[in-house]
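J.: Now for the letters of each chain:
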Amino acid sequence: MRDRTAGPEEAGGAHTAPPAAVRAEGLWKRFGEQIAVAGIDLELPAGKFIGLVGPNGAGKTTTLSMVTGLLRPDAGRVLIGGHDVWRDPVAVKARIGVLPEGLRLFERLSGRELLAYSGRLRGLPGDEVDKRATQLLDVLDLAGAQHKLVVDYSTGMRKKTGLAAALLHNPEVLFLDEPFEGVDPVSAQTIRGVLERYTASGATVVFSSHVMELVESLCDWVAVMAGGQIRAQGTLAEVRGDAPSLQRAFLELVGANGRDSGESLDWLGGGAR
Amino acid sequence: MSAGATAVPGKSEPAVPGKGTPAVPGVTSVFVRLKLSLLRNGLRQSSGRKAAYIASAVFALLFAALQLIGLVVLRGNEHAVTVVVLLTALVGIGWAVMPLFFPSGDETLDPSRLVMLPLRPRPLIRALLTASLVGIGPLFTFCLALGSVIAVARGAAAAAVGVLAVALTLLLCVALARAVAAANVRLLTSRKGRDLAVLSGLVIAVGIQVVNFGAQRLSSAGGLARLDPVADVLSWVRRRRRSAPWTRWATGRTAVARPSCC
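As you go down the protein sequences, you meet chains W and B in turn.
Counting in my numbering, the first sequence runs from 62 upward without gaps.
Counting in my numbering, the second sequence runs from 1156 upward without gaps.
Don't read these hints as lab results, they were simulated from the structure.
These numbers were taken from a predicted model, which means no experiment stands behind them.
From the three backbone atoms N, C-alpha and C, an ideal C-beta is built for every residue, glycine too.
Where hints are given, some of them may not hold.
[Said to hold, decoys possible] Partner residues are not named here, just some residues of chain W that face chain B (Cβ under 7 Å, in silico):
(1) 151
(2) 154
(3) 155
(4) 159
(5) 169
(6) 174
(7) 178
(8) 181
(9) 182
(10) 258
(11) 259
[To be verified] What the simulated footprint calls covered on chain B by chain W, stretch by stretch (three residues with Cβ under 8 Å from a Cβ of chain W suffice, anywhere in the stretch; the number is not a length):
(12) 1184 to 1193
(13) 1270 to 1280
(14) 1284 to 1296
Taking the hints into account, I'd like the entire structure generated from these sequences.
T.: Listed below in structure tokens is the structure:
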């Protein structure tokens, strides 16, 4: 699984560091009193399966929103494929696919109509859109429900529909915010298969998660966030270091390892007293 | 904003085959078809919601037809101008507050659903305005505006002005609804905003009672004469607005444009 990146690197013909797919410089975001993201610098390599991990409230969603042009940063800039996200949003949006956390879809369209209109609004020719939509619906197990309205879809079906809409224009970089949250194991496996096939072709996937096992099994590049800052970034092996698993390395990085819940809950369990 | 577009053609473009710019020539027609699909799919919901959808559509159309007939009958009446000015003002206010209470009424009103698409502001404004004119609400407003013109216009020149006024009224209404909806997306998704919406909902509920009360008073004999001073004020407001319609219009358009481009 780890040698998935061999393809694009051979194509690039270079053994030096591959060019960054996404570069964020000094990103800040403050909501009232609270600083959500405190000046982060990120350089995400192209052609990798990248995991952005961190505990709840670490600023993962805020960071992804700023990187994908959904939320304007207070300071800093983001470059995707050399284009400034906030100077030239149209050029960037044509090159990226986004599956945001609170995904908003047209509820009163069927899954197929949603894809058909998304593709056409992106300027793709109609027959190409329909061809791609048929294949995506097929691969994502949505073909049976393609004529049902999105409002009647389950969480997993909505995520898969959102993923299909995000992949329809064959983006260079795909951003997914907690793509496996609330998704059953069967749908999760389907999504995983599609994403692995997609990165194998040299595209970049960036996804946020707090499920370490998932990140460890999927990603070859990881950035760890906590308290609005990047605590570590690099290949899976670099971030894991000497720790036995990514989970342990992560707990050490975010400083949650030594926490002892010993005495404070001494009444819990051991029968009613 | 245009610099990036010219940079595209040299590179290989995976998303848009052929030429990369301008991204979407037929965006207006796609939006109109999208709006028609949304309207048609209202009939494909569960039976309860379907019944409510059909009933509200039939009711709105019936009401529009009755209003049209009423306004035509009112032609020549000395209070026709009063009624027409008040009705138009009321409909304008209605368009402004509707999106706050029924944000799901028109899904294309919500810019957060379009924020991921690479759409340039100018074509997007044109497309959204055109798509806004499709639907039962605009049809209702069109009937009302048409009836108003029939009620008060005498002579060819007045009819010509009336036609222009109908078009402007319609565009103003849909642009107003879009501007209000777009400006309030962030507000309505925050907790403070929702509290505010509940509060203003109370104000509206009281307002409906006032309108109800007023309607009862007016339906008594000679009641319409009471409205004349109000209409004088409103028509003055409208005259002032007409004096610089294009500048107003321009600011309205930028208000629609801003939220959708960011």
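J.: Does each hint fit the structure? Answer for all of them.
T.: Comparing the hints with the structure gives:
Hint status for residue 151(W) relative to chain B: holds, with the closest Cβ pair at about 5 Å, below 7 Å. Taking 7 Å as the C-beta cut-off, the interface hint given for residue 154(W) holds, the closest approach to chain B being about 4 Å. Using the Cβ-Cβ criterion of 7 Å, the hint placing residue 155(W) at the interface with chain B is satisfied: the shortest such distance is roughly 4 Å. For the restraint placing residue 159(W) at the interface with chain B, the shortest Cβ-Cβ distance is roughly 5 Å, inside the 7 Å limit, so the hint holds.
The beta carbon of residue 169(W) comes within 5 Å of a beta carbon in chain B, closer than 7 Å, and the hint placing it at the interface holds. Below 7 Å, beta-carbon pairs count as interface contacts, and residue 174(W) has one with chain B at about 6 Å; its hint therefore holds. Restraint check, residue 178(W) versus chain B: the minimum CB separation of about 5 Å is within 7 Å; hint holds. Hint status for residue 181(W): holds, given a least beta-carbon distance of 5 Å to chain B, under 7 Å.
Proximity of residue 182(W) to chain B holds as hinted, the smallest CB-CB distance being about 5 Å (cut-off 7 Å). Interface restraint check for residue 258(W): the shortest CB-CB distance to chain B comes to about 15 Å, outside 7 Å, so the restraint is violated. A cut of 7 Å between beta carbons decides the hint on residue 259(W): the least distance to chain B is about 12 Å, and the hint is violated. Proximity of the region 1184 to 1193 of chain B to chain W, defined as three or more residues with a beta carbon under 8 Å from a beta carbon of that chain, is established by the 6 residues found.
A stretch counts as covered by a chain when three or more of its residues have a beta carbon under 8 Å from one of that chain; for the region 1270 to 1280 of chain B and chain W the count is 6, and the coverage holds. Under a criterion of three residues with beta carbons nearer than 8 Å to beta carbons of chain W, the stated coverage of the region 1284 to 1296 of chain B fails, only 0 such residues being counted.
Violated hints, listed in ascending order, are 10, 11 and 14; each of the other numbered hints is respected by the structure.
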